[in-house]
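Chain residues, written in single-letter form:
There are 2 protein chains.
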Amino acid sequence: MSKIVSLKSDRLKVEVCLTPALLPLHKLENSVVVVIDIFRATSSICYGIENGAEAIIPVSHVEECAAYHGTGHLLAAERDGEVVEGFDFGNSPFAYTPEKVAGKTIVLTTTNGTHAIQLSRSAKRIVIGSFLNLSSLSQWLKDEHENIILVCAGWKNNFNLEDTIFAGAVVHQLKDEKYILDDAAIAAEDLYLLAKNDLAGFLSKSSHSERLKKLGIEEDIAFCLKIDETSAIPVLDGDKLVKL
Amino acid sequence: MSKIVSLKSDRLKVEVCLTPALLPLHKLENSVVVVIDIFRATSSICYGIENGAEAIIPVSHVEECAAYHGTGHLLAAERDGEVVEGFDFGNSPFAYTPEKVAGKTIVLTTTNGTHAIQLSRSAKRIVIGSFLNLSSLSQWLKDEHENIILVCAGWKNNFNLEDTIFAGAVVHQLKDEKYILDDAAIAAEDLYLLAKNDLAGFLSKSSHSERLKKLGIEEDIAFCLKIDETSAIPVLDGDKLVKL
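For the record, the sequence lines run as chains A and B. So the first sequence is numbered by UniProt numbering: it starts at 1 and just counts up by one. So the second sequence is numbered by UniProt numbering: it starts at 1 and just counts up by one.
Treat the hints loosely; a few may be bogus.
Identical chains blur together in the list; that is why a pair holds if it fits in one copy or across any two.
Unchecked claim - Cut-off 20 Å, straight-line C-alpha distance, at most; resulting in silico cross-link-like pairs (SDA-like, lysine to any residue):
id, residue 1, residue 2
1, 226, 51
2, 205, 194
3, 205, 193
4, 156, 24
5, 175, 103
No lab work stands behind these hints: they were computed from the structure. Here the structure is a predicted model, which is why all the values come from computation and not from measurement.
Let the sequences and hints guide you as you build the complete structure.
This is the structure we're talking about:
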């Protein structure tokens, strides 16, 4: 790109941050941030809050999570796709059913999602997105009239397709004259439009597809691609994610 | 993404590094790197080498470029899209015609492209790509049988559409069973396939389109989107880009 001339405008911005490594390029303090980790952290957070969890406390490190032992909270720790030994559960959405989480507080650490939440803490507000709450989240964002940054948690700071495609789904729902899109938002929407009629088929092209199958989490994956299964919007309130 | 299980394979990789900020995630030393800055640095480098420039020396800072005053080299410095005062020229391809550059050495610093070259120096080999040399570059890459990293220079570490789409064009030409693509390569190819029948039209959606028009460089932009106008492949040899 040859030059960006500063463009004065009162229009709001929708930006997509393709990996947490690019967060320093965005002005978080002027924006509502949506954290996205489709497989599986933010899908499970949406499902847990929908199902009556009182709060989910995202922490970056397994040790921080372990420090809550004996508090009565449920402790959830996932690293590299597996439940960490000694913890109640990891980030499979099926661990966040009403029977398991209603009225409970869950302390959660995951490889990518909770890390992205911590890195976004200077934002005006942080909410959690997944295909499960796509429409209610998008409607709420429209009503807010704020700059929006869609933060893809990716995989260990790498770009991934599923988080980007979800970001594109939000861009598509938001799209109107009110917003200026950055190039990443334009690309994300285009990729979503290619994928939308067969999300699972599109993502089966991804470099991780074969590896995910080996993990035996195909049911989790299928669940995380269900659209509008929930309507709750988890929002960060102090150190806790609660229902908006 | 939930987990990447290490997958042993003898197949070669094609990765797309969407911005220089993500270079630390890639193993450059095992790979051939293609540096991409479509508007306009790498297009101009391809054109200059094609047109008989003896060498182009990429430097990161304007001061380094200025230090070559009096050596007989042509000095080219661009910042934020404009020629820096006191320099022979910037990064418009029309400054790299045979009449101007044949037999000459050019010292070049640009906002994004030369920076990306410097950051890629640990690679096995660094070559320069643009739409101008797309097919000859892709054929050479195929013949090399190496891991390939396509490095998009972007804009000040931000993702941009034009560099990504060119990366996708290379992925498309390379695509065969020999290579494993990362998610960024898959996305780049999909975006290229959307764009390929009307590159200029597709890029006119980009967030920078209006601003580029204000710079009055539409002719440069149109030229940089010409496919296979040249066949020379610039390669870094020590501190100089020369014809392969």
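Here's how the hints hold up against the structure:
no. : hint      : result
1   : 226 / 51  : within (16 Å within a copy, 55 Å between copies)
2   : 205 / 194 : both (12 Å within a copy, 17 Å between copies)
3   : 205 / 193 : both (16 Å within a copy, 15 Å between copies)
4   : 156 / 24  : both (16 Å within a copy, 12 Å between copies)
5   : 175 / 103 : neither (37 Å within a copy, 52 Å between copies)
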